[in-house]
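Novice: Work out the full structure: start from the sequences and follow the hints.
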Amino acid sequence: MALGRAEVEYIASLARINLTEEEIETFGEQLSHILEQFKVLEELDTSDVVPTAHAGGLQTVMRDDLSQDSLDSEDVLKNAPNREGEFFRVNAVLEE
Amino acid sequence: MAGLNWLSIQEAHAQLSSRKISSVELTQACLDQIGVVESQVQSFLALTPESALEQAARADQMLAAGEGGPLTGVPVQIKDVMCTEGVATTCASRMLENFVPVYNATAVEKLMEQGAVMLGKGNMDEFAMGSSCENSAFHPTKNPWDLDRVPGGSSGGAAASVAAGEVIYSLGSDTGGSIRQPAALCGVVGLKPTYGLVSRFGLIAFASSLDQIGPVGRSVMDCALALNVIAGHDPRDATSVKREPVDYSAGLGQDLKGLRLGVPEEYFVEGMESGTRKAVDEAISVLEGLGASVRPVSLPTTQYALACYYIIAPSECSANLARYDGVKYGYSYQDTDDMWEAMEKTRQHGFGPEVTRRVMLGTYALSSGYYDAYYLKAQQARTLIRQDFDRVFQEVDALVTPTSPVTAFKIGDKVGDPVQMYLIDVCTLPVNIAGLPGLSVPCGFSDGLPVGMQLIGPHFSEETLLKTAHAYEAATDWNSERPAGLR
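If you read the protein sequences in the order shown, they are chains A and B. The number in the working numbering is simply the position in the first sequence, starting from 1, with 187 added. The number in the working numbering is simply the position in the second sequence, starting from 1, with 84 added.
Source of the hints: derived by calculation from the structure; they are not laboratory data. Idealized CB from N, CA, C, for every residue including glycine. Warning: the hint list may mix true and false statements.
As the list claims (entries may be wrong) - Covered by chain B, according to a simulated footprint, are these stretches of chain A (three or more residues, beta-carbon under 8 Å):
#: 1; stretch: 209-221
#: 2; stretch: 243-250
#: 3; stretch: 272-279
Specialist: Printed below as a string of structure tokens:
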């Protein structure tokens with residue numbers, strides 16, 4: 188399974204990562220090589236096998252619906268790259 | 085006489101509680117060693133000597149009042165993937181270079197409640213992705229046994245700091261071998277507990293169905309003593325399991341009569357170094373001599389574990405790392421008014437190559453049209469791998485394997501070839517896939533480099549693994565060896 192340039196660019200757009208021309212080429216080659224290794228799984232008959240999402244024994248852990256203290260808003264904003272008062276500042280989301 | 089910095093937790097605790105030494109003296113001995121060797125080993129991303137000495141002084145007060153336990157006043161390094169309140173937590177990434185957590189990870193908090201002394205944050209592969217510590221965005225860590233070689237990874241700092249006598253023990257995290265493999269390569273003991281035994285609250289997520297926190301120490305007892313403190317249910321981690329507390333140190337010292345060990349042939353892979361094979365074979369004979377019965381077993385799905393892991397872990401990583409968008413914390417590209425450009429350039433500049441590679445791989449495996457062929461198929465393979473383990477654990481109490489098929493390799497040797505790097509973890513990955521506990525204990529040397537033996541058991545069989553490793557350790561003296569070049 189070789190990944191072409193268009194596919195690498197598409198994956199990068201889904202992952203929201205900008206890539207340089209050189210990176211597109213390198214990742215194309217490397218990811219293709221890694222995907223080659225996954226072919227081995229085709230040998231496995233998994234037709235009636237239930238998938239495992241995690242190997243812990245727990246299922247849907249619930250807790251009582253009680254109010255609890257959360258982080259102080261000043262603490263939450265402490266690491267904000269760009270803040271305005273009580274808010275995280277972001278670029279415009281909606282276009283005009 | 086060896087310095088105080090080489091004491092085990094057990095020895096340090098005996099001297100601290102009898103007031104023969106103070107925690108301040110012990111902490112200073114570690115800081116002195118760091119002063120001598122850290123420029124060579126570079127196991128730390130950040131040192132916190134002032135707060136460490138304050139914590140040591142507080143620990144001395146606790147000890148004087150007869151409070152605390154085995155970890156009180158004992159210096160520790162914390163892998164930089166665990167949040168530490170007020171102390172930068174970078175995950176060895178540019179993305180989190182200036183991130184200062186406002187709370188402690190639960191495992192860290194538990195150490196602090198015991199009066200632990202944190203000397204600093206341990207180097208690692210960026211976001212715990214890697215097997216050599218070379219993916220750290222800041223600097224590589226060197227193997228104390230040979231400074232031209234890697235310490236393993238991703239918890240390379242955790243293992244190297246302990247091996248170099250910079251700290252008494254450390255905390256690492258293990259998603260596919262990241263505690264056990266560096267422990268093996270650095271000649272120390274590393275324990276990856278059962279999935280759910282230790283809270284991951286405050287552990288920066290890589291692959292949530294695989295990640296687990298565990299201790300690294302110079303002895304099996306030290307890992308047991310650290311596990312005693314960090315294990316336990318935490319309502320803030322919904323995957324942590326409610327169990328009766330266990331004293332993991334209590335069963336150490338028992339003999340191995342009646343213990344049934346299995347040796348899975350599939351773990352003695354092609355390309356395994358002969359010196360590693362020899363050391364592990366000899367270790368198995370020692371275990372037999374200690375009263376354990378040893379039989380060959382087969383885990384035929386082992387050959388699928390690598391593919392299974394490198395689909396599941398990157399898939400979960402791509403979802404977990406979606407949070408790094410430059411808005412709430414971390415690096416943020418600011419030279420644009422366009423929201424998407426800002427996000428895409430934040431992630432371009434913030435993530436190193438291996439992290440980008442895995443995010444891309446996971447994004448692809450989860451994308452429309454490929455989900456069934458990759459992610460679903462890998463989850464089904466995961467079921468078969470688990471069933472293989474379930475089956476052999478009906479016959480045996482634990483498995484014995486090499487931890488890594490190779491000893492520490494030269495820095496730079498494998499960085500250009502991701503697949504070669506991934507293959508290093510072939511003996512450790514299946515353990516995370518099945519959520520099992522795994523322990524690496526030193527079992528000799530090959531060309532002067534440490535070799536590790538891995539013990540794997542069923543869920544929550546830490547006591548068996550620790551007991552077995554402790555008996556082996558007592559019968560040999562590999563863990564008394566010290567890296568000569570650093571002494």
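Novice: Would you check chain B against the stretch 209-221 of chain A, counting CB to CB pairs closer than 8 Å, and say if three or more residues qualify?
Specialist: holds (count 6)
Novice: Within the assertion that chain B covers the stretch 243-250 of chain A, do at least three residues meet a Cβ-to-Cβ distance smaller than 8 Å?
Specialist: Answer holds; 5 residues pass the 8 Å Cβ test.
Novice: For the stretch 272-279 of chain A, does the count of residues with a C-beta closer than 8 Å to a C-beta of chain B reach 3?
Specialist: holds (count 4)
Checked against the numbered hints above, the structure violates none of them.
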